[in-house]
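Student: Work out the full structure, taking the sequences as your base and the hints as a guide.
Protein chains in written order, with the numbering used here: chain B, 1 to 881; chain Z, 1001 to 1126.
If you're looking for bench data, these hints aren't it; they were derived computationally from the structure. Note that the coordinates shown come from a computational prediction; the quantities given were computed from them, not determined experimentally. Hints may contain errors.
Going by beta-carbon spacing under 8 Å, a handful of chain B positions derived as facing chain Z [stated by the list, open to error]:
(1) Ala105
(2) Tyr335
(3) Phe347
(4) Ile365
(5) Phe369
(6) Ala372
(7) Ala376
Here a beta-carbon is modelled for each residue, glycine too, at the ideal position from N, C-alpha and C.
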Amino acid sequence: MSDMTSSGSSSASGLRAFLALRRRDPATPPFSDPPPRATQTASHVDQEDPEVRKAQEKRLIWTWDAPKGWRYWSAVNNTEVGLWYTATSFLFMLFAGVLGLMIRAQLAVPENDFLTANFYNQVYTLHGTVMMFLFAVPIFEAVAIIILPQMLGARDLPFPRLSAFGYWCFLIGGVFVCGSIFFDSAPNSGWFMYPPLTTQERFTPGYGADIWLLGLSFIEVASIAAAVELIVGTLKCRPPGMRLNLMPLYAWYVLVVAGMILFAFPPLIAGDILFELERLFNWPFFDPERGGDPMLWQHLFWIFGHPEVYIVFLPAIALLAMIVPTFARRPILGYSWIVLAAVGTGFLSFGLWVHHMFTTGLPAISLGFFSAASEAVAIPTGVQIFVFIATMLTGRVVYKVPMLFVSGALAVFVIGGLTGVMVALAPFDWQAHDTYFVVAHLHYVLIGGMLFPVVAGIYYFWPMLAGKTLSDRLGKIAFWLMFVGFNLGFFPMHFSGLWGMPRRIWTYPEGIGLELPNLLSSIGAFIFAAGVLIVVFDVLRPRSKQPYAPRNVWNAGTLEWLAEEEDKGWGVRSIPIVTSRYPLWDQKNFVEDVDTGRFYLPDAEELKRETIVTGVLDADPVQVLRVPGPTFMTMWAAGFLGAVFIFATFHWWYMTIGAMVLATAAIIVWVWRGTAIIPEKEEKDVGRGLTLPLYVSGPKAVGWWAMFITMVGDGTAFLALIFGYVFYLTIHAEYPPAGANGPGLVWPFVSLVLFAVAWAGAFFARRFNQAGRVSAARGLMVAGALVSLLASAALLWAPYTTGLDPVRHVYDATVWVLVIWTACHAAVGSLMLLYCLARSIFNHLTPKYDADIQNVALYWHFMLATAATTVLVTALFPLAG
Amino acid sequence: MFGLDRQTRDNIWTLIAAPTIWALHFLLAYGVAAVQCAPNQAIFETITATRWMIAGITVVALALIGLIFLRAYREWKGHGGGTVNDQDTDVARESFLEFSTVLLAGLSFVSVIFVALPALFIADCR
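Tutor: Shown next as structure tokens:
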């Protein structure tokens, strides 16, 4: 950092500073009555002087405040966005819960006609879909957005506007999917949408399947955005001194789960693309008559779907890892074992997907691999349970409501885990597959492994969020209703399943012994729902008279409990130096030191939102990150992007293209105004004599990490498409089929050479720009952008000239989809280079401040790899065949 | 031998090396069997070559995971073999990562054996 000091300010940087100040800095919120800026830097004020502190607090509160009035909805603070996110996913949960009750009402007695068969199909499909996609996964993102920054002593996550964008995508997509049932056009083929039932108009007329595919693809975008945000947040926004071995276990889980999302969701997006291409344009990916195979969808769906179960389960268990030590009054026993369990489960969960496909006729040896891995995953899962039990046994447990729910969670989850070990055995599964036994199993796992821990988390964290505790008495009543109701509702399903009741049936006949278990299940479900309603009531009831709960009401040891009785928008008063896993227990005078601003960033001298970025291993401070404030732009971007998906559902193509243009424009405006802002000075005094740079680029910068992580996810989706190609290759004796030519060799390789040239353009644009040869760099950006488009044209030309027709055979369709995927990415790469050109011309991109071109050059590494893979696979495989 | 005595600085990548090898082993074993059995013809014919191939992949995977285990174990013991590692020092961070690597390598080792077992028992494509 000392070299940055010595580079001093030249007249050029003065000009830059002028240009930067002329525009409104996104880090300064557009509020009225700004308090006076500070005249002295943090290390040069008397922090013990109450007047100084008062002025600092005024500035911090003004800077981090939420917008007022209708502008409130432009907020991007993690506290606001996280709250909306949580509330919205709970609303979806209640909606899906009502659907669940409708199922139970229909099945309460035999031969019932409460719902029509078709509507019943819509109800259970939407129940499963909404619970999984609109509650179970989003609630993880929602809760993490609220508590992760608090737990890491950060003022906010590194990309607050990305969180807000993700939220609006989630809301729009969710309302679209849920709303369909009110028009009697909800998807009705089960939450995993197996083709050919879902791909052929004669089986599933209407828009249901399209709403599922497009609505959920849109939400998956939001999930991946959240994953990027959370990975970068955990790795780079920890407080100084919080080394990897001192990180709260919750953060470990977030890291693992966000990483899993990055590898699990993209295959489903790839599957959705294939699926939609079949539904909209008759490309035969899943149509056996033209070489397709419905099994590919099952593979892609479950490569997503099984890890998803752990994506749902691990964050909830992470809440237990925070709650148990607090109430056992001791540090967690076996910290490394939890890390083992989290990372181990994260990996093993990707080797389980075929256990949903045991009855599809795959060879026994293949089933064996997945069965073995399904048994192996019980090891790390069990380790977690034993760590919690051991921590409770060696501590002095205080039984409060959160602990009740924790105990209930463990009991219910263990039963679900044991039936899981049973169905992981292929021969047993052949008997139980698609029966109510599986319904019982999955509800034990999800409600024990997710819902109970989340309710425990609500009771535990509510005082931190709202400043007031929830009712002890209501909590206990709710717990017992939920616990008893749940077991009464779902335990009999094991029996009805083993007695032969299949899933998803609309009704069942009298006299085959299913009346009693079904009636019990229905009664239990309503008792369970009553318990949930009590929790909802407890959360919503007015409590203006109730006094604030004392700060850190449970006497916990981790940083999120620094939150004051009346929550302040700033997150933490000053960003602490951490030397322990439980700083509030172990570090002397800690809370007072934080509150009096004796740690870092005790002030917002320039009225800008700032947080500290640190190193991955030891959290040594590397940068002061200016984070952008409120904006409506993210809402516009999400709205237009949502419109793209919604218009496509109804085949309104011109409007789809129009919305696509608007969405792209909105994203460019957002990025242009809100990112890579050149600061008014090079570095900043953050207090305690430490000075940190305000701008970094390349591998040290959070933006570079975000690009890298996003492209890993993008690459996974691409590999899923390649998997499709290889899958068809293995199942066909002749591939390409007789009569079809490959895309040839000439044009694909011309394209590859052009792609290499475009990549070199991006690479040397970065190098030349860094070396100060700005004109040369600009020339390369233009050249790279143009050559990239030429390369795409050559790539698309290849299958066109050899007469590949995507409707004829799955081979043709697969080549086309790979080629189009690559061409679209090249168009984006071209746009990015032109963006850098404009940034350079408007002096937002300079040799010194070069984040934009650094990130774009990184994108181009992935772009070249994508192009090379596409060309090699599509051009060379036909030669081997 | 194998440079095991050299101290390495652990990080998140070294931590996940062993389970990554598990994942690659899993994919290869699944892929080899799938390619052999995919046309779903001649399902009664034995697939000895494929099974030996899986055995070979398994031995390589176990050897690599074993190396990771040994390296991490020695370094961890060299740092005192602590299991709590909650101090604010470079050694504690290193020791934590080494111990976690040992645990993950152990889990990966066992899981590789689990996954290889079907190839030991199943002789054809049925």
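Student: Next, verify each hint and record whether it holds.
Tutor: Status of the hints after comparison with the structure:
1. Ala105: 43 Å, violated
2. Tyr335: Status holds, d = 7 Å.
3. Phe347: It holds, given that the least Cβ distance between B/Phe347 and chain Z is near 4 Å, below 8 Å.
4. Ile365: 4 Å, holds
5. Phe369: 5 Å, holds
6. Ala372: Constraint on B/Ala372 satisfied, holds at 4 Å.
7. Ala376: 4 Å, holds
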